[in-house]
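Line order of the protein sequences matches chains A and B. Residue numbering for the first sequence follows the numbering used here, beginning at 75 and increasing consecutively. Residue numbering for the second sequence follows the numbering used here, beginning at 75 and increasing consecutively.
Hints are computed from structural coordinates only; laboratory data are not their basis. There may be inaccurate statements among the hints.
Any copy, or any two copies together, can satisfy a pair, since identical chains are not distinguished.
Below, in silico cross-link-like pairs of lysine to aspartate or glutamate (DMTMM-like), each with a Cα-Cα straight-line distance of 25 Å or less [what the hints assert, rightly or not]:
no., residue 1, residue 2
1, LYS542, ASP573
2, LYS542, GLU318
3, LYS482, ASP117
4, LYS542, ASP145
5, LYS228, GLU156
6, LYS482, GLU121
7, LYS482, ASP145
8, LYS482, GLU156
9, LYS228, GLU166
10, LYS542, ASP529
11, LYS580, GLU125
12, LYS580, GLU485
13, LYS542, ASP387
14, LYS519, ASP387
15, LYS482, ASP118
16, LYS482, ASP387
17, LYS149, ASP118
18, LYS149, GLU164
19, LYS542, GLU570
Here the structure is a predicted model, which means the values were calculated and not measured.
Number of protein chains: 2
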Amino acid sequence: MTEESPRRRRRQSAREDFEARALNQIPWRNIESPFPPLCPLSDDQLEAVHEASLRLLAEQGVEVMSVRARDLFRKAGATVDEASGVVCLEPELILQLISTAPNEFMLTPRNAGHAIRIGGNAINFGLVSGPPNVHDCLRGRRAGNLEDYCSLIKMAQSFNVISFLGNQATAPQELPANNRHLDTCRANIVYTDKIWNCVSIGAGRARDAAQIMALSRGLTLEEMAESPGAITNININSPRKLDETMAEGAMQMAELGQAVIVTPFTLMGAMTPVTMAAALVQQNAEALIGIALTQLVRAGAPVIYGGFTSNVDMRSGAPAFGTPENCKANMAGGQLARRYGLPYRTSACNASNTVDGQAVYETQFALWGAVNGYGNLIYHAAGWLEGGLVASFEKLIMDVETLQCMAKVLEPIAVSEEEFGLEAIREVGPGGHFFGSSHTMERYKTAFYEPLLSDWQNHENWEIAGAKDATARATEVWQRVLQEYEAPPIDPARLEAVDAYIARRKEAIGTGEP
Amino acid sequence: MTEESPRRRRRQSAREDFEARALNQIPWRNIESPFPPLCPLSDDQLEAVHEASLRLLAEQGVEVMSVRARDLFRKAGATVDEASGVVCLEPELILQLISTAPNEFMLTPRNAGHAIRIGGNAINFGLVSGPPNVHDCLRGRRAGNLEDYCSLIKMAQSFNVISFLGNQATAPQELPANNRHLDTCRANIVYTDKIWNCVSIGAGRARDAAQIMALSRGLTLEEMAESPGAITNININSPRKLDETMAEGAMQMAELGQAVIVTPFTLMGAMTPVTMAAALVQQNAEALIGIALTQLVRAGAPVIYGGFTSNVDMRSGAPAFGTPENCKANMAGGQLARRYGLPYRTSACNASNTVDGQAVYETQFALWGAVNGYGNLIYHAAGWLEGGLVASFEKLIMDVETLQCMAKVLEPIAVSEEEFGLEAIREVGPGGHFFGSSHTMERYKTAFYEPLLSDWQNHENWEIAGAKDATARATEVWQRVLQEYEAPPIDPARLEAVDAYIARRKEAIGTGEP
Numbered sequence: 075m076t077e078e079s080p081r082r083r084r085r086q087s088a089r090e091d092f093e094a095r096a097l098n099q100i101p102w103r104n105i106e107s108p109f110p111p112l113c114p115l116s117d118d119q120l121e122a123v124h125e126a127s128l129r130l131l132a133e134q135g136v137e138v139m140s141v142r143a144r145d146l147f148r149k150a151g152a153t154v155d156e157a158s159g160v161v162c163l164e165p166e167l168i169l170q171l172i173s174t175a176p177n178e179f180m181l182t183p184r185n186a187g188h189a190i191r192i193g194g195n196a197i198n199f200g201l202v203s204g205p206p207n208v209h210d211c212l213r214g215r216r217a218g219n220l221e222d223y224c225s226l227i228k229m230a231q232s233f234n235v236i237s238f239l240g241n242q243a244t245a246p247q248e249l250p251a252n253n254r255h256l257d258t259c260r261a262n263i264v265y266t267d268k269i270w271n272c273v274s275i276g277a278g279r280a281r282d283a284a285q286i287m288a289l290s291r292g293l294t295l296e297e298m299a300e301s302p303g304a305i306t307n308i309n310i311n312s313p314r315k316l317d318e319t320m321a322e323g324a325m326q327m328a329e330l331g332q333a334v335i336v337t338p339f340t341l342m343g344a345m346t347p348v349t350m351a352a353a354l355v356q357q358n359a360e361a362l363i364g365i366a367l368t369q370l371v372r373a374g375a376p377v378i379y380g381g382f383t384s385n386v387d388m389r390s391g392a393p394a395f396g397t398p399e400n401c402k403a404n405m406a407g408g409q410l411a412r413r414y415g416l417p418y419r420t421s422a423c424n425a426s427n428t429v430d431g432q433a434v435y436e437t438q439f440a441l442w443g444a445v446n447g448y449g450n451l452i453y454h455a456a457g458w459l460e461g462g463l464v465a466s467f468e469k470l471i472m473d474v475e476t477l478q479c480m481a482k483v484l485e486p487i488a489v490s491e492e493e494f495g496l497e498a499i500r501e502v503g504p505g506g507h508f509f510g511s512s513h514t515m516e517r518y519k520t521a522f523y524e525p526l527l528s529d530w531q532n533h534e535n536w537e538i539a540g541a542k543d544a545t546a547r548a549t550e551v552w553q554r555v556l557q558e559y560e561a562p563p564i565d566p567a568r569l570e571a572v573d574a575y576i577a578r579r580k581e582a583i584g585t586g587e588p
Numbered sequence: 075m076t077e078e079s080p081r082r083r084r085r086q087s088a089r090e091d092f093e094a095r096a097l098n099q100i101p102w103r104n105i106e107s108p109f110p111p112l113c114p115l116s117d118d119q120l121e122a123v124h125e126a127s128l129r130l131l132a133e134q135g136v137e138v139m140s141v142r143a144r145d146l147f148r149k150a151g152a153t154v155d156e157a158s159g160v161v162c163l164e165p166e167l168i169l170q171l172i173s174t175a176p177n178e179f180m181l182t183p184r185n186a187g188h189a190i191r192i193g194g195n196a197i198n199f200g201l202v203s204g205p206p207n208v209h210d211c212l213r214g215r216r217a218g219n220l221e222d223y224c225s226l227i228k229m230a231q232s233f234n235v236i237s238f239l240g241n242q243a244t245a246p247q248e249l250p251a252n253n254r255h256l257d258t259c260r261a262n263i264v265y266t267d268k269i270w271n272c273v274s275i276g277a278g279r280a281r282d283a284a285q286i287m288a289l290s291r292g293l294t295l296e297e298m299a300e301s302p303g304a305i306t307n308i309n310i311n312s313p314r315k316l317d318e319t320m321a322e323g324a325m326q327m328a329e330l331g332q333a334v335i336v337t338p339f340t341l342m343g344a345m346t347p348v349t350m351a352a353a354l355v356q357q358n359a360e361a362l363i364g365i366a367l368t369q370l371v372r373a374g375a376p377v378i379y380g381g382f383t384s385n386v387d388m389r390s391g392a393p394a395f396g397t398p399e400n401c402k403a404n405m406a407g408g409q410l411a412r413r414y415g416l417p418y419r420t421s422a423c424n425a426s427n428t429v430d431g432q433a434v435y436e437t438q439f440a441l442w443g444a445v446n447g448y449g450n451l452i453y454h455a456a457g458w459l460e461g462g463l464v465a466s467f468e469k470l471i472m473d474v475e476t477l478q479c480m481a482k483v484l485e486p487i488a489v490s491e492e493e494f495g496l497e498a499i500r501e502v503g504p505g506g507h508f509f510g511s512s513h514t515m516e517r518y519k520t521a522f523y524e525p526l527l528s529d530w531q532n533h534e535n536w537e538i539a540g541a542k543d544a545t546a547r548a549t550e551v552w553q554r555v556l557q558e559y560e561a562p563p564i565d566p567a568r569l570e571a572v573d574a575y576i577a578r579r580k581e582a583i584g585t586g587e588p
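For reference, chain A alone in the conformation it holds in the complex (with noise of 0.2 Å):
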């Protein structure tokens, strides 16, 4: 028999209790905003802003660098000079272009149960993606490889509040450049069944991802046409530049039938002039062109106008994000995706080096301008740190804790007789206290949001516990989420059919582009 002290038993205790709690997380559920989305642009300054950039668009256009993209442009009527690549539109073109995009779709993956809706009011959260490099703190910071891929993978399909996957959580740069993306479309095939991005850097790409969560479904291509479970996003090398990668993917997927994002990369100072309105002037015209292209090609298929409006620091040129001028341009985008019926994308990314306060009070206000913005499709919104450079697994948990709250904060109110418990409040009696009243043991096990992450043990407690910080605690929350994680089912079948398609493609590229 050994003697313990108190303090060393009320540790344990303490421990003891944390690690029996089980892993707090909400219901699987399609979020949609009760709210009015807000809008920081009046309805004069919209309109001045729309025709701005149709102005943009018909006087000084957008260089297409894919020459299939540019002929399209061409017989639909616009101004293609060849010499510069550059395609000038009129307004009244690019209006009835656009006009054939579908206001809202369903995107569904081969669970059909996480089938996510695409336009409103419905607000989807996705993983970070496209960080070269992951962190953690056990670990430190190295570059992206593919068993760290399919950790962040398997934490986006534990977590019911993170709703699709964007482009590659990190770069598996061990993996040769021309084929990864065929390893990468297998891990997510594998370690989720939630809606994943496809990489569409080329059309090779796009169709390989495409045709992959089409077997996944059991589904040819063309019936994956009808029910579209693909999605990719493309940027705009803004200013005011079609790549010829990005427009041959995404010509792929609209003619497949499958989404596109078109998000011009227009960080204020540096990518567009250094004000507000002249940032959303540009984002509106690179948009507009991109989301045209995709009608050309399939009119109807789903397509979503994408935002990615920030500001730099003009004394370094180092992009900054969550700052009060990314808040806005997440709202303001919302409101010129709104002007065109068309479903809208944004971000919640920080700049910060670390999984400090900074990291969380920018996220915080590119999450609230993004939600208030009405983003129906959430980019970065969970494990995105310095600016994009890196993926966190701390960062992921801190932000899967707020995602969680949000949700929460969108849920309605629950009013009526029995919920106003005056018969309770007649029961305890001025000055008394609810713990034991039959009101409370009735419900309050689930009246509140229980955290997933926060701690509110009082001081001393929580010194006993290690005084351990958010970070400290997030280390041990996703560990924890990877040692309980469990594979969702796949069919066989459907797996075998997948790697015979891998192993076919693998053969044919070789050692050249897909």
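With chain A fixed as given, assemble chain B onto it according to the hints.
For chain B alone, kept in the frame of chain A given last:
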């Protein structure tokens, strides 16, 4: 001549650059929201809460522990049970009593340039108030004391985004409890020229504070009744109990024509039933009876509807803040205040034990709820930590950064032909950049919000500069703020009058109550 490594030289230069930067802050202004308020209650729900709260006041009433207050209610037509002290009011009576309260008013401190508007879409951010302890990362956690009290006030004075100070930033525990309010009032007069809250535990303290504010403005109490400058917050001791000292303090302030905030202390699950609907009903009933009391004393006295509804942790009973429930209650409270044409006070709190991600995201949820709910006075917006047990120097700096960002978000977007910069876009051409364009050069210094605390260096430079997280940088910032602090000028004759008053009162109070 000593040799220096290039790395060391870069480190030094990064530090010098940091130190050379001015403290970035936004100019003083009366902040207003350009957005409509967000309303989690539907119109029908709002009316149902209103009606249930009137039923609660009529059928169950509130225990009023002041004889004078009960007399006033009885003479006005309320039903008073002297045995229990319970006061019940019929719906018509309570609505008639509160109808004389003004929709909005100005509060003017000793510097008229720092007057603030209370009502409508005016948004004011206040310094933390009430904590028994203080904390900073250099000196650790300690009991509140006058020196720290003064430091906190100096910081509130230094930052333009803070437009008022709540009741005692921390309790100066080394001073005698019966007359320390005179010392804190004097500190308020010396170190700030903004609006500060009067302690109103009983009529004596309230009158002292109002008198000191009047003397600092060169006014008599009668003159100040025409131009209110004193404000206090009283809490209802929920459920349904108005303590004697609170009632006396409120009546004294109202009598002097000074502003009273009535804030029920409604933590769901402890002081109210566990449901949001019940908490809002109880909050509303409790706030309205306190508001009615001020109008009974002096019809037309400035009064503010206070909301503090949050939830407790049902595992431990500990208060939680910045939860989804708290965020929604902050918005719903605004709906109720506007239902009666009353100004609204709410808060931006958190329950974290340290200045970490949790402290920030909880504060952000409360803050966005407060701003979207049209919080005319947002208490505890800078420096609150540990559920209100600690005033934190680092948290104060982090909060100021986010309040400044919020103020910028609430600024309208400038839209004009000049701002559109179409000529700059033409000059730069597709694929170029705007760093050197004349449109940028003319505007870059003021184009974007310049952060007080955020660090946007790239990872390598950030590491060279010491890899300081936001909390560590906040330690540097508050030291610098205190170093650079300059007391606002005061007419020596007025300060003498204040000092003479304080000396007289200390003698009169002796060892008794004020």
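Cross-check of the supplied hints:
| no. | hint | verdict |
| --- | --- | --- |
| 1 | LYS542 to ASP573 | neither (44 Å within a copy, 47 Å between copies) |
| 2 | LYS542 to GLU318 | neither (49 Å within a copy, 42 Å between copies) |
| 3 | LYS482 to ASP117 | between (31 Å within a copy, 20 Å between copies) |
| 4 | LYS542 to ASP145 | neither (60 Å within a copy, 53 Å between copies) |
| 5 | LYS228 to GLU156 | neither (47 Å within a copy, 65 Å between copies) |
| 6 | LYS482 to GLU121 | between (34 Å within a copy, 23 Å between copies) |
| 7 | LYS482 to ASP145 | neither (49 Å within a copy, 45 Å between copies) |
| 8 | LYS482 to GLU156 | neither (53 Å within a copy, 44 Å between copies) |
| 9 | LYS228 to GLU166 | neither (47 Å within a copy, 60 Å between copies) |
| 10 | LYS542 to ASP529 | both (9 Å within a copy, 24 Å between copies) |
| 11 | LYS580 to GLU125 | neither (48 Å within a copy, 70 Å between copies) |
| 12 | LYS580 to GLU485 | neither (47 Å within a copy, 54 Å between copies) |
| 13 | LYS542 to ASP387 | between (33 Å within a copy, 19 Å between copies) |
| 14 | LYS519 to ASP387 | between (47 Å within a copy, 10 Å between copies) |
| 15 | LYS482 to ASP118 | between (34 Å within a copy, 21 Å between copies) |
| 16 | LYS482 to ASP387 | between (34 Å within a copy, 16 Å between copies) |
| 17 | LYS149 to ASP118 | neither (34 Å within a copy, 55 Å between copies) |
| 18 | LYS149 to GLU164 | within (14 Å within a copy, 76 Å between copies) |
| 19 | LYS542 to GLU570 | neither (45 Å within a copy, 50 Å between copies) |
Figure legend: structure checked against the earlier numbered hints; hints not met, in rising order: 1, 2, 4, 5, 7, 8, 9, 11, 12, 17, 19.
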